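Undergrad: If you're matching them up, the sequences are chains A and B in order.
Numbering of the first sequence is given in our numbering, commencing with residue 1 and proceeding in unit increments.
Numbering of the second sequence is given in our numbering, commencing with residue 1 and proceeding in unit increments.
Wrong hints could be hidden among the right ones.
[What the hints assert, rightly or not] Listed next, the stretches of chain A that the computed footprint assigns to chain B, with coverage defined by at least 3 CB atoms under 8 Å from CB atoms of chain B: (1) 14-22; (2) 30-44; (3) 76-88; (4) 118-131; (5) 166-175.
[As the list claims (entries may be wrong)] Simulated restraints on C-beta separations: (6) B/P16 - A/D134: 19 to 29 Å; (7) A/E44 - B/L88: 26 to 36 Å; (8) B/E18 - A/A55: 33 to 43 Å; (9) A/D6 - B/V91: 48 to 58 Å; (10) B/A56 - A/D160: 39 to 49 Å; (11) A/G69 - B/A56: 28 to 38 Å; (12) A/D66 - B/E21: 42 to 52 Å; (13) B/A56 - A/F63: 24 to 34 Å; (14) B/L88 - A/D66: 38 to 48 Å; (15) B/A59 - A/S132: 49 to 59 Å; (16) B/L88 - A/T133: 42 to 52 Å; (17) A/S89 - B/A64: 17 to 27 Å; (18) A/G4 - B/P49: 14 to 24 Å.
Rather than coming from a laboratory, the hints here were simulated on the basis of the structure.
Since the model is a prediction, treat every value here as computed from it, not as a measurement.
Ideal Cβ positions, reconstructed from N, Cα and C, are used throughout, including at glycine.
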Amino acid sequence: MALGNDFERVLAEAKAGSTVALGELYREFNPGLRRFLLARLPSEGEDLAADVWVAVAPKIREFTGDERGFRAWLFTFGRRRLIDHFRRSGRRGPVVPLHEQQDQPSRDDPEAEALAHLSATEAAQLLLTHLSTDQCEVLMLRVYGGLDVSEVAAAMDHTDTWVRVTQHRAIQRLSRRLGSQMDVTQ
Amino acid sequence: MSHSDDFDDVIDAEIPDELVEELIRGAFEPELPSELMLVGRVLRAARGPIPGEDRAREAEVVEAMLAAMTVTPITAARPSSRRRRHLLVAVTAAVSVLGVGGVAAAAGGLPTPIQSFVHDSLSHVGVTVPSTEDTPEPFGPATTDTGGAPGQSGTTPGQSGATPGQSGSEPPGQSATTPGQSATTPGQSGATPGQSGSEPPGQSGNPPGQSDDAPGQPHKEPDVAASRHDDSVPESNGSDNGAGQPEGAPGQSKK
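The shape of chain A in the complex, shown without the other chains (with noise of 0.2 Å):
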């Protein structure tokens, strides 16, 4: 659900400090920055998503732009707030072994029980443990930001070529990860 034509007002409304404008921005744009920053680190995601929106209330008076414009800054933050806490906790990212993600499947219908109960936590960290640091978060920032080439390329800090290439690349991998898992718990 996008805010569509009321994204001007809503903004307009928000850089004047409403209160309501500010929860509707929230409300529109938090679902997938939560997502997103709680893919990556689900311990502090919530709390990082709030951090998110914190630095960013007061540069709203200078945004300008659409709503998938806003919906790249907000992530360009995002993303930019993660790569800081993992700098300054030492780490690229969580690495948890799939098998401790994710429910045994079933012996009977293992592909059905694999990902038919999969919830978006589990798919979120299958793309987690099978891809790199950066196939995950052009993936992430794809489906759950909803963002195109363009705007990941740009809050990423790289070409639309190299966001094609990476996304291909993830997706090769992950198909190939998953087919050969699903022959291993079969």
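Starting from the known structure of chain A, arrange chain B on it as the hints suggest.
TA: Below, chain B alone, put in the same frame as chain A:
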């Protein structure tokens, strides 16, 4: 870039671009190859709801955002920049007043009562300033004019800079009386008279902190000298828009 070559390879050999986009959008194609179908399911599942979002959190965050918006860097920076500007004006005024006053005193160009007052006062501290009788005539009116013009003392260093150069050509006793030097190292100033002439006017009055740090030097002396120089150039003091008033104030009360 090698990435683009890789990109072409990937596209041609493996997954069409449109299919990748569909998978990312969460489209589910039953007729997809099984590996890609799994990818599609995972990406669709990733779009599902994540529990734990609560409204209380939203209220907290929005409140924090509002607080962050009201405490913008602009309001935080204003006082400091204003303070910095005041400080800059005060320092400039002090430097100008001390420089011009010092040069005028050294050249003996101050008004007669002030010149004799400075002469008497500084002679107690061992600093020689020409008395009114010794004052050379050419510099009298010139320096008086410099001090008398409100804007000139603070804004035209060229004028005050020219005067020290001239005072450098003066007898050693006169040029040695630049207030900054006399306040910091009286002995040296007497020994190297040419320095006061070559030194920019700002330097002579600039380091009040240094004068305090000078070993063996009475701490009060430079301030007294400075305030007296302020007295000696009341017009230039006024031209500093009050920024130099803290230093000039004691002198004015003495008047």
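Undergrad: Would you list, in rising numerical order, the hints stated earlier that this structure does not obey?
TA: 3, 7, 12, 15
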